[in-house]
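Engineer: Sequence:
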Amino acid sequence: MILDQAGWHGSAELVIPPNITLMPLPPRCPELNPVENVWQFMRDNWLSNRIFKSYEDIIDHCCFAWNNLANQPWRIKSIGIRQWAHGS
1 MILDQAGWHG
11 SAELVIPPNI
21 TLMPLPPRCP
31 ELNPVENVWQ
41 FMRDNWLSNR
51 IFKSYEDIID
61 HCCFAWNNLA
71 NQPWRIKSIG
81 IRQWAHGS
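Numbering-wise (the numbering used here), the sequence shown opens with residue 1 and increments by one.
Misleading hints may appear alongside valid ones.
Stated by the list, open to error - What follows is a list of derived Cβ distance ranges for each label pair: (1) Trp66 with Pro18: 30 to 36 Å; (2) Thr21 with Asn68: 18 to 24 Å; (3) His61 with Leu25: 25 to 31 Å.
Calculated from the structure, these hints are not laboratory results.
Glycine residues also receive a C-beta, built at the ideal position from the N, C-alpha and C atoms.
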């Protein structure tokens, strides 16, 4: 399983099943983490260059962006796919 180096991924309390191998990404390389590309897509398309009126406005915009993306599973796949990880 490929994962970033968030603190809880390396916790001593984390129980890893014997049939799973953890492969941490190198530090400070968000371009290798597909989730970073998903967040960037959301910022580029629905969340950037805005002035929010309130905290509730921020939450509303974030929910709108998340729901839009959730309704487009093909887009999530196309943004997050890594050819090197899935073969040719």
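Engineer: Against this structure, judge whether each hint is valid.
Structural biologist: Structure-based check of each hint:
no. : hint                         : verdict
1   : Trp66 with Pro18: 30 to 36 Å : holds, 35 Å
2   : Thr21 with Asn68: 18 to 24 Å : violated, 35 Å
3   : His61 with Leu25: 25 to 31 Å : holds, 29 Å
Checked against the numbered hints listed earlier, the structure breaks hint 2 alone; every other hint is satisfied.
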